[in-house]
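Quick note, the sequences are listed as chains A and B, same order.
FYI, in our numbering the residues of the first sequence are 296 to 407.
FYI, in our numbering the residues of the second sequence are 11 to 123.
Please note that the accuracy of each hint is not assured.
Stated by the list, open to error - Cβ-to-Cβ under 7 Å is the rule here; a few derived chain A residues that face chain B:
1) 303
2) 305
3) 340
Claimed, not checked - To give an idea of the interface, some chain A residues facing chain B are shown, with a C-beta separation under 10 Å as derived from the structure:
4) 332
5) 394
6) 400
Said to hold, decoys possible - In silico DSSO-like links for lysine-lysine, alpha-carbon gap of 27 Å or less:
7) B:67 - A:331
8) B:19 - A:331
9) B:19 - B:67
Source of the hints: derived by calculation from the structure; they are not laboratory data.
Even glycine gets a Cβ: it sits at the ideal position worked out from N, Cα and C.
The lines below spell out each chain.
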Amino acid sequence: GQQVMQIPQYQHVQEGEDFTTYCNSSTTLSNIQWYKQRPGGHPVFLIQLVKSGEVKKQKRLTFQFGEAKKNSSLHITATQTTDVGTYFCAGPVSGSARQLTFGSGTQLTVLP
Amino acid sequence: DSGVTQTPKHLITATGQRVTLRCSPRSGDLSVYWYQQSLDQGLQFLIHYYNGEERAKGNILERFSAQQFPDLHSELNLSSLELGDSALYFCASSVIDQGNTIYFGEGSWLTVV
Chain A
296 GQQVMQIPQY QHVQEGEDFT TYCNSSTTLS NIQWYKQRPG GHPVFLIQLV KSGEVKKQKR
356 LTFQFGEAKK NSSLHITATQ TTDVGTYFCA GPVSGSARQL TFGSGTQLTV LP
Chain B
11 DSGVTQTPKH LITATGQRVT LRCSPRSGDL SVYWYQQSLD QGLQFLIHYY NGEERAKGNI
71 LERFSAQQFP DLHSELNLSS LELGDSALYF CASSVIDQGN TIYFGEGSWL TVV
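Looking at chain A on its own, in the form it has when it is part of the complex:
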């Protein structure tokens, strides 16, 4: 079945350093979404990318969707302690636009 892989699984950074998480799908995605889950919290929608090669920014966060629509990345510039959490990518399962498959997530720890 379709798989959505994320790397790295864990990332520890010093506050102020940059952070990037990568998402790869075994199949082409019609769109990709990113969610953030704070420790002890629930996943919260961050953004959706739809077009091939699309780049979107939210303050210090930059999201990219690959040209082949099979990979995506989230880059955080100058991390802050408020960035701590697990970042998930998610895409519709091929053949079933009704089901979102989530990546395994990248757990970010920011050391003050």
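Mind docking chain B on chain A? Use the hints.
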């Protein structure tokens, strides 16, 4: 606050028992999704309902079942519980049923002892 309400927030029960988790979607949302998140695990899709009808099934065990009622709230029934069923169960909702943005509730923590 996402607008998705889940009850109970925490539940401790014994092996072999049955529990029911409840979810009220955001006002106006017709789709309800259930996900399971085990410790240090990702989000495993269980099942999706749209306006009362089952639309997609993921890796949901036969011991688990769900339904969506006419008022659009949903219940996830877990029976013959095993230790490995201990997890955080999330409900999420969306307006339509085509892989769009979904909004998660705060989850129900289930501990099976």
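Checked hints:
Interface hint status for residue 303 of chain A: violated, as the beta-carbon distance to the closest one in chain B is roughly 14 Å, over 7 Å. At a threshold of 7 Å, the smallest CB-CB gap from residue 305 of chain A to chain B is about 10 Å, leaving the interface hint violated. Interface hint status for residue 340 of chain A: upheld, as the beta-carbon distance to the closest one in chain B is roughly 5 Å, under 7 Å. Because the closest C-beta pair between residue 332 of chain A and chain B is about 9 Å apart, less than 10 Å, the hint holds.
At about 4 Å, the closest approach between the beta carbon of residue 394 of chain A and any beta carbon in chain B falls short of 10 Å, and the interface hint on this residue holds. Restraint check, residue 400 of chain A versus chain B: the minimum CB separation of about 5 Å is within 10 Å; hint holds. Restraint check for residue 67 of chain B and residue 331 of chain A: satisfied, since their Cα atoms lie roughly 24 Å apart, inside the 27 Å limit. For the hint pairing residue 19 of chain B with residue 331 of chain A, the CA-to-CA distance comes to about 20 Å; that is within 27 Å, so the pair holds.
Our distance criterion of 27 Å between C-alpha atoms is met by residue 19 of chain B and residue 67 of chain B, whose separation comes to about 24 Å.
In this structure, the hints that do not hold are numbers 1 and 2, in rising order.
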